[in-house]
Amino acid sequence: MKKFFMFFVVFVLLMSVPVLAKGGSSGGTVVKPKVMETETEPLDCESFATIKERVKCRLENGQQEETTPEPCRQLAIATKCVQYYKDSIECYDLNGKEKDQCFKTRAGFTTKDVKAERARGEPSLGAIRYYALALLYDLEERAEDAVDDGRLTSDEGAELIADIVSIKVKILEKAPVSDIRKEVAALQAKWPSTIR
Amino acid sequence: MRILLLLLIIGMIVLSACGEKMTIPEVSDPPVTENRPVVEQPDDYTDIQTAEDDFEALDETLDELE
Numbered sequence: 025m026k027k028f029f030m031f032f033v034v035f036v037l038l039m040s041v042p043v044l045a046k047g048g049s050s051g052g053t054v055v056k057p058k059v060m061e062t063e064t065e066p067l068d069c070e071s072f073a074t075i076k077e078r079v080k081c082r083l084e085n086g087q088q089e090e091t092t093p094e095p096c097r098q099l100a101i102a103t104k105c106v107q108y109y110k111d112s113i114e115c116y117d118l119n120g121k122e123k124d125q126c127f128k129t130r131a132g133f134t135t136k137d138v139k140a141e142r143a144r145g146e147p148s149l150g151a152i153r154y155y156a157l158a159l160l161y162d163l164e165e166r167a168e169d170a171v172d173d174g175r176l177t178s179d180e181g182a183e184l185i186a187d188i189v190s191i192k193v194k195i196l197e198k199a200p201v202s203d204i205r206k207e208v209a210a211l212q213a214k215w216p217s218t219i220r
Numbered sequence: 008m009r010i011l012l013l014l015l016i017i018g019m020i021v022l023s024a025c026g027e028k029m030t031i032p033e034v035s036d037p038p039v040t041e042n043r044p045v046v047e048q049p050d051d052y053t054d055i056q057t058a059e060d061d062f063e064a065l066d067e068t069l070d071e072l073e
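Residue numbers (my numbering), protein chains in the order written: chain R, 25 to 220; chain X, 8 to 73.
Treat the hints with care, as some may be off.
Claimed, not checked - Just so you have them, the derived chain X footprint on chain R, three or more residues with Cβ under 8 Å:
hint	segment
1	73 to 84
2	113 to 122
3	145 to 156
4	161 to 173
Derived from the structure by calculation, the hints contain no laboratory data. Computed from a prediction, not measured in an experiment: that's the story for all the values here. Positions of the beta carbon are idealized from the N, C-alpha and C atoms, including for glycine.
Isolated chain X (complex conformation) (with noise of 0.2 Å):
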């Protein structure tokens, strides 16, 4: 009984822990984002996303190497 009553107590508490993270914000709330200072955009840069990119790029890396 004592264990169950126990069992009980510490399911609350993780429960009410975890609620507390998942609050959903007030529909007033500014995005996030609004905020945030814009970063400049990079314009003769690589863009990295596959492993081929990084490939071509080290193969034009190794042109100048040369």
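So that you can see chain R by itself, here it is in the shape it has in the complex (with noise of 0.2 Å):
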């Protein structure tokens, strides 16, 4: 008997393959959380300071539960920008011109280009600043998809997404387009070619 549970707890264990997913590693919703390999206690990232460290912890530990994301934290329009983020989710899984419309459909565009609905005038801009922040999503995405496969180490990959949320965060505060292009232009070009 005593072997035959034995058995069983080393059967259960190998079928238990531990599932990684990314999770969005600048907080929000969990798409689905790291399972850990141990039954050791799951790290609270959000108890580091900066963004950097918090988004090398959710890399490398994933995300337990919902959070803020950190572009949307001490914001006025945090609860708006939080649900932007969970309206744009699935537009990641789409592809070409299918994830371009669902950025803009989501971000509240009543046309297909940045042109015409700049043309609509002043309300336009706040759809025109989530589908940025959209776009910026898109490229952490790529930098977390990198990190999960190896081409970027966490340290590597938390140092460009913290980069990109000082973009957003930028963005959402209505910064000098100048002062946002510097560091649009910074991160492209420490951006590894081994990210396409």
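Join the two chains, each given in its own frame, into one complex according to the hints.
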């Protein structure tokens, strides 16, 4: 009976293949939490002081519970920002023009391209800002995938994602576009050629 | 001996479960996509395939925020 019990335990362990999936390293909704291989207490990534440390923690340990996405924190429009993150999650499974259409629709576009949308005047600015966030989140997903398959270390990935979060915050805070451009140019310059 | 027997039984259960998932559909089955509604392909949307496409679209977007 003892032997049977031992065998059962070994069998169950063998069948428990760990599920590794990206889970939004800059916070937000838990898409799929990474399953811890050991029975240790999950690390509280929120306890770290800097964005880069929190992102690195989530890249290495996954996200166990829903948190406010990093760029939406300390914003007056936090609720709307969080809702946009939730609404646009399914867009990242799409590709090509369908992905772009999904980003724009969820951002509130009533036209198909940014120029046409801007021609609508002042009310379109909010939608255009959310669309920019979606593009940045897409880059973030690419960096996360690169960490998952070993093309980047978690430290390198966290650095890129922290830069992306910083740009998103500037966009949401309506910082001067010249400042945003500088950060985007710096990000593009350091973007590894291995991440397409 | 009993352990061997148990191993055999469990092995058979696992194999039969896997076999069920891998069943090849009959030739007469219609293609899966046949009854799907035709998805309208957008004309003027940006084709986002790579990080470079993201950066390019971001650049155009920032132009409109200036």
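Which numbered conditions among the earlier hints are violated in the structure presented, ordered from lowest to highest? 1
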